[in-house]
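Chemist: Kindly generate the complete structure, drawing on both the sequences and the hints.
Count the sequence shown with the UniProt record's numbering and you get residues 1 to 227, in order.
For the record, the hints were derived by calculation from the structure and aren't laboratory data. A hint or two may mislead.
[To be verified] With a Cα cut of at most 20 Å, we get these calculated EDC-like pairs of lysine to aspartate or glutamate:
hint: 1; residue 1: 73; residue 2: 161
hint: 2; residue 1: 73; residue 2: 42
hint: 3; residue 1: 73; residue 2: 166
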Amino acid sequence: MSAAGPKVFADQPDPRTLVASETLYEGRIWNVVSDTFSLTGDAEDVLVRDYIAHPGAVAVVAMDDHGRILLLKQYRQPVRMSLWEIPAGLLDVEGEDFVVAAARELAEEADLAAGRWDVLVDFFNSPGSSSEAIRIYLARDLTEVPEADLHTRTDEEAEIEHLWVDLDDAVQAVMAGRLHNPSAVAGVLAAAEASRRGFEALRPADAPWPEHPSQRHRPAPAAGTGQ
Numbered sequence: 001m002s003a004a005g006p007k008v009f010a011d012q013p014d015p016r017t018l019v020a021s022e023t024l025y026e027g028r029i030w031n032v033v034s035d036t037f038s039l040t041g042d043a044e045d046v047l048v049r050d051y052i053a054h055p056g057a058v059a060v061v062a063m064d065d066h067g068r069i070l071l072l073k074q075y076r077q078p079v080r081m082s083l084w085e086i087p088a089g090l091l092d093v094e095g096e097d098f099v100v101a102a103a104r105e106l107a108e109e110a111d112l113a114a115g116r117w118d119v120l121v122d123f124f125n126s127p128g129s130s131s132e133a134i135r136i137y138l139a140r141d142l143t144e145v146p147e148a149d150l151h152t153r154t155d156e157e158a159e160i161e162h163l164w165v166d167l168d169d170a171v172q173a174v175m176a177g178r179l180h181n182p183s184a185v186a187g188v189l190a191a192a193e194a195s196r197r198g199f200e201a202l203r204p205a206d207a208p209w210p211e212h213p214s215q216r217h218r219p220a221p222a223a224g225t226g227q
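Modeler: The following block contains the structure:
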């Protein structure tokens, strides 16, 4: 890399030699995988990393005509907290279009439909321990889902509380350390920057998402090795 920096300032695909791969645990939603791989291409010089093989997720910043965004309060057992979040859900329906999945989550968790969709931001939730990729959309031109079509929420979702928040207030909550959900934090800050730019730099809803697990080619282990 030159002193002037890389020619393209972007994360790049960089697959390394996969020597072996084993599924250690099969769960209802995600698995735990152990990969043996080589950084140098030398099959004798290997590293082993265990991680969550995740189907990915979508999330939605729903913004009304007054510039307010919708936050949801939901209990999360792993952190033993009720968190203010944005509508989100797993991409666990094989072959489902990403925007269709986001619209489904918006309807199920927020009782809303949107007439306009744009991509706000893409990110890896925890790339050192999970393959999870998340895409956050900005949803506008909102309407309420007809009562006959409302989704019946169960389990933790049955406790969901809805709150419309001014975007500036949501940013202040993030910066003050009052919001902790990663999709909410990333979505709020991205929405604020998009608003500052007059929403002119947003990618279309159908913009490519090559970082999602379904769009990435996972190489097979080298011949004669792995599982």
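Chemist: Work down the list of hints and note, for each, if the structure agrees.
Modeler: Cross-check of the supplied hints:
1. 73 with 161: This hinted pair holds, its Cα atoms lying about 5 Å apart.
2. 73 with 42: 49 Å, violated
3. 73 with 166: This hinted pair holds, its Cα atoms lying about 16 Å apart.
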